[in-house]
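A.B. asks: Chain by chain, the residues:
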Amino acid sequence: MSRPTARLPRATLLRVFWRCLFLQAAWNRRGMQNLGFAYAIDPALRRLYPDPVRRREALRRHLCTFNCHPYTAAAILGGAIHHEERVAAGDEASGAPLEYKQVLQGPMAAVGDGFFWAGLRPLSGAAAAVGTLALGWPALVAALLAYNALHLWMRWSLFRSGYRSGDAVVERVAGLQLPRWARHLRDAGALLAGAGAGLLALRAASGVGVAAGAGTLAAAAWGWMALSRGARLLPSAYAALALGVAVALGLAFLRGGP
Amino acid sequence: MIAVDYLVVAIVAGLAAIERKGFLQAMLSRPVALAPLTGLALGDPYAGLMLGPPLELLWLGAVNLGAALPPHEALGAAAITGGAVLAGRALGTGVTPAVAAVTVALVAALAVLGRGTDRLIEEWNVHLARRAEALVERDAPRAAVRANLYGLLLPFAVSFVLAPMGAAAAAWLVPPFLRWLPDATVPLAYAWAALGGFAAAAGARAFRSQRGLPLFASAAALTAVLGTLAGAWP
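Note that the protein sequences, when read in sequence, are chains A and B. Each residue of the first sequence is one higher than the last, beginning at -5 in my numbering. Each residue of the second sequence is one higher than the last, beginning at 737 in my numbering.
No lab work stands behind these hints: they were computed from the structure. Beta carbons are placed, not taken as given, at the ideal position from N, Cα and C, and that holds for glycine. A hint or two may mislead.
Just a few of them, taken from the derived set where beta-carbon distance is under 10 Å, the chain A residues facing chain B [what the hints assert, rightly or not]: (1) R13; (2) G30; (3) G89; (4) L92; (5) Q96; (6) V124; (7) G130; (8) R180; (9) L227; (10) A234; (11) A240.
Pulled out of the complex, with its shape left as it was, chain B reads as follows:
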């Protein structure tokens, strides 16, 4: 079953990498959608629903403006969700805030690595463009334009390989760590809570609104107060 789980993470991450830039761009590879999809594919959609919102807010500014490359938020989200679900399953607790916090700490850097691989892929695609130009000159126009689709292969392959590696690192390291330090559960839950707050601030900053700070602060305060009055805050 474990090999199948990693294969599932690999396929979901690979398809997300294609959707992210090469095809459609319909937000299915955004963390808020991809985390629940990865969780669903692994049999735990609720873990994805827990992880998706803070990861989305954290990487809300990860957009491909011009030739600038953002962190590979899809790779990060798929690996974090896969790793957290598998680690939670190994612990028998499911994805708790402590599991989520340690998994993010362990795997989030994959998003930066993914940006590096994106750059290499764009360099590699120059070969495809040259090949297409040569095929046009050799009077093979159909083959020339079809070269565009070959550009989907490398992004798929890179995420297909890296996402299960990240998930495996979490699945192997997080359970022994939390068993070794059982008292860390509460501090790590605080860490997850702090990450959520930071992610929301990062999300708000991503909008670059001139009135961002008052809007962000007032909405946060109002939501907390109304939630408290409604009984959501004990």
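Same shape as in the complex, but just chain A:
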């Protein structure tokens, strides 16, 4: 499905991209991201459909239920504009953009959730945490800058790719091999969290005492076991706090002090 010429000026595309950063502003249980999608694509529809009746029809189809990962949705937004251009030119039926969205939203959500939400973002969070513990605020700033440079570049690239290539964006996204990268990111994240446990233990040892450092590592081992057996996060966190107090009191008792 080729596209002869780009109809929309770059300024309009930039406006759409800016608005797609608000995709989830009014996430709702009925249409999910429908309002955000309509808000984002509206500048393009205004440009493509000077006739208010056709514009209203186009807007109505983009108010249908839509839900995707907020980053990878940029590709679908770009592709939807690609199809709207063809609809406006009379090359496609008016249902094509909606069909495109419905087909792609599930797979794109799965790719985005797996790569960004379960891989890159927690990895960046762990890197920022470990960097802050080891090197202080410059490492935190560096981790945030790196994450945002990459995520914004990918959002823009996906949007542009969807706009330029329409249905072919699927092959482009598949070519990125994001699920394979996600597996590596998850391994690296577990490694970084371990380094975080070690650094927190060192910090406790130097600030409170060697026993506190050892307690940090013991709590990490206990936490892993408890969570792998299905313990809930917040009650387990309270249990960890209580265990820390109990260990300190036990040590004080053994030493014969208060």
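Fit chain B to the given chain A structure using the hints.
C.D. replies: Structure of chain B alone, referenced to chain A:
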């Protein structure tokens, strides 16, 4: 000054709630960034740098997958940091591990409350969607799409109200508690250390890596050993 401090916590938490889901999602509302930002806004960025890493690891798995709602880690982080800074200031000690441990115990449940409010907001946003559809039918497309931005107001308002309430609870209760039990300082420092270890394990589990346990355990052991050899462990 105290009223200004609570206003600062409210604004930072409100903006973080918007960034968390409604706009951008650039990790600025993650605890590792938000705790130092809240600390900085209250004049104590180092407290935020102390609190941010363990809170980030604790809530590393707090992500919005599909329609599932995670705990509101941004609300929790802003309230904990605000409460700890104000409690430490009242005690004259700054944010110590004991202050941090008691504040987390007191305020962390706000993150779960925040998840409940998120659910209510998503229900409420259905009204916005219906309104937008009605406006399209009444030939007011610009007003219809603008309804999307009104969805930012409630998340801001909820965190604007709840975060300073959590911070106030800590600022009022933590100083008298620690003055009443001065001997609790060391046990509470142990509690903070234990929470750090647990948080790291929770963070590692959040990755759901098939090789997670050996990677986590070996990295923890290696870091501790290398740190000891480098003299970080006394």
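A.B. asks: Now tell me if each hint is right for this structure.
C.D. replies: Status of each hint after checking the structure:
1. Because the closest C-beta pair between R13/A and chain B is about 9 Å apart, less than 10 Å, the hint holds.
2. The criterion of a C-beta within 10 Å of any C-beta in chain B is met by G30/A, whose closest approach is roughly 5 Å, and the hint holds.
3. Below 10 Å, beta-carbon pairs count as interface contacts, and G89/A has none with chain B, the closest being about 18 Å; its hint is therefore violated.
4. Taking 10 Å as the C-beta contact cut-off toward chain B, the hint placing L92/A at the interface is violated, the least distance being around 15 Å.
5. For Q96/A, the shortest C-beta to C-beta distance to chain B is roughly 16 Å, which exceeds 10 Å, and the interface hint is violated.
6. Evaluation of the V124/A hint against chain B yields a held restraint, the C-beta minimum of about 7 Å falling below 10 Å.
7. Given the 10 Å rule on beta carbons, the hint for G130/A holds: about 7 Å separates it from the nearest Cβ of chain B.
8. Taking 10 Å as the C-beta contact cut-off toward chain B, the hint placing R180/A at the interface holds, the least distance being around 4 Å.
9. The restraint placing L227/A at the interface with chain B holds, with a minimum CB-CB distance near 6 Å, inside the 10 Å limit.
10. For A234/A, the shortest C-beta to C-beta distance to chain B is roughly 4 Å, which falls under 10 Å, so the interface hint holds.
11. Evaluation of the A240/A hint against chain B yields a held restraint, the C-beta minimum of about 8 Å falling below 10 Å.
The earlier numbered hints that this structure contradicts are 3, 4 and 5.
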